[in-house]
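S.K.: In the working numbering, the protein residues as written are 10 to 96.
Derived by calculation from the structure, the hints in this document are not laboratory data.
It is possible that part of the hints are untrue.
Claimed, not checked - Pair by pair, the computed Cβ-Cβ distance ranges are:
hint: 1; residue 1: 85; residue 2: 27; range: 11 to 21 Å
hint: 2; residue 1: 17; residue 2: 70; range: 18 to 28 Å
hint: 3; residue 1: 13; residue 2: 65; range: 11 to 21 Å
hint: 4; residue 1: 68; residue 2: 17; range: 16 to 26 Å
hint: 5; residue 1: 19; residue 2: 78; range: 28 to 38 Å
hint: 6; residue 1: 91; residue 2: 57; range: 14 to 24 Å
hint: 7; residue 1: 69; residue 2: 18; range: 37 to 47 Å
hint: 8; residue 1: 19; residue 2: 41; range: 32 to 42 Å
Predicted model only: the values in this text are computed from it and were never measured.
For glycine and all other residues, C-beta sits at the position ideal for the given N, C-alpha and C.
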Amino acid sequence: MHAGEVIADEHGHAGVALYEVHRLLDSAQLRTAQQLSGADLVVALSDRFYREAVARGVDPSRYRRVDVTSREHSGSARIYFPNSITL
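Could you put together the complete structure from these sequences and hints?
M.R.: Written as structure tokens, this is what we have:
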């Protein structure tokens, strides 16, 4: 998950928010977390989205900070485990 502006035109959609979501979805860390947890759902949050929209009022033990790398970018993210799974 991430939040931000997405621009639509005759060629499709573009925007930093889309690139951020694709980076999360393309990360080996998210795929590995899903495989190890056996869960049907694992949620990846951009670090910015976590800090600005989620961090207040939640149980931080349900979110694991990970370094996320993809082909062209690296950064941090949070992975949410719905069933409090620990990896």
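S.K.: All hints are to be evaluated individually against the structure, with a verdict given for each.
M.R.: Comparing the hints with the structure gives:
The given range of 11 to 21 Å is respected by residue 85 and residue 27, whose C-beta atoms sit roughly 19 Å from each other. At roughly 38 Å, the beta-carbon separation of residue 17 and residue 70 lies outside the given 18 to 28 Å, and the hint is violated. Taking the beta carbon of each, residue 13 and residue 65 are about 19 Å apart, inside 11 to 21 Å as hinted. Between residue 68 and residue 17 the CB atoms are about 36 Å apart, so this pair departs from the stated range of 16 to 26 Å.
Roughly 33 Å separates the CB atoms of residue 19 and residue 78, a value that falls within the hinted 28 to 38 Å. Remark: the range hint 14 to 24 Å for residue 91 to residue 57 is upheld by a beta-carbon distance near 22 Å. A hinted range of 37 to 47 Å for the beta carbons of residue 69 and residue 18 is consistent with their spacing of about 39 Å. The supplied range of 32 to 42 Å is met by residue 19 and residue 41, whose beta-carbon atoms lie about 38 Å from each other.
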